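If you want the building blocks of each chain, they are given just below.
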Amino acid sequence: NAGVTQTPKFQVLKTGQSMTLQCAQDMNHEYMSWYRQDPGMGLRLIHYSVGAGITDQGEVPNGYNVSRSTTEDFPLRLLSAAPSQTSVYFCASSASGLAGADTGELFFGEGSRLTVL
Amino acid sequence: GDSVTQMEGPVTLSEEAFLTINCTYTATGYPSLFWYVQYPGEGLQLLLKATKADDKGSNKGFEATYRKETTSFHLEKGSVQVSDSAVYFCALSAPWEDSNYQLIWGAGTKLIIKP
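Going down the list, the protein sequences come from chains A and B. Residues in the first sequence are numbered consecutively from 1, following the working numbering. Residues in the second sequence are numbered consecutively from 1001, following the working numbering.
Among the chain B residues that face chain A by a calculated CB cut under 7 angstroms, a handful are:
1) Gly1043
2) Leu1046
3) Ser1093
4) Tyr1101
5) Gly1106
Restraint ranges, calculated between C-beta atoms of paired labels, are given here:
6) Ser1083(B) <-> Pro61(A): 36 to 46 angstroms
7) Tyr1030(B) <-> Gly16(A): 45 to 55 angstroms
8) Asp1055(B) <-> Gly3(A): 19 to 29 angstroms
Treat the hints as calculated values from the structure; they're not laboratory data. Note that this is a predicted model, so its numbers are computed, not measured. Every residue, glycine too, gets a C-beta built ideally from N, C-alpha and C.
Go ahead and model the full structure; you've got the sequences and the hints to work with.
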């Protein structure tokens, strides 16, 4: 069972470049979300989706785009990378809400470490 | 707004030592509380949870009790092993838009267990 798969695991970009972080889950979860993790801070919600075709902004959405054309995939696009976007990015999925309200369980990918020079 | 505060790490212990990782929170209402763990090279995974005051969550020898009077959810283990070396995150569920809930996260505490 693959669970949540994120690619790439590591990426270095130059300021102004664009890229897409891929996220796929094979658990048929309706809820998917992207977080960023910065030193000394907790995970912060970037964007989320409650089902195919439905996306919305989280706490820190600026500079990022998402789409959800299928239940399985939820890519995160950086439109014009900035050094402030240097971070570790996590994709998560849940069968019941952003917080996995019924079970309390979010399923996470291994993370993507992005450095913007 | 709602927030979670964890003790800063890294926390370094010897094998078989007693572990406490402190977590306190501020929240309106009565959130559910969670501990997640991230082992090296892996994604975060749920370790334990508690949904109401005085509940005790437990898993893999770890325990945490939801203390409403002290707004705390400290993680404890009686005898740690090298395999417990990981980063531990405390989190609470908070209302979000459209009747959703999202998780508010602590900064994480890195635990290093030496043989």
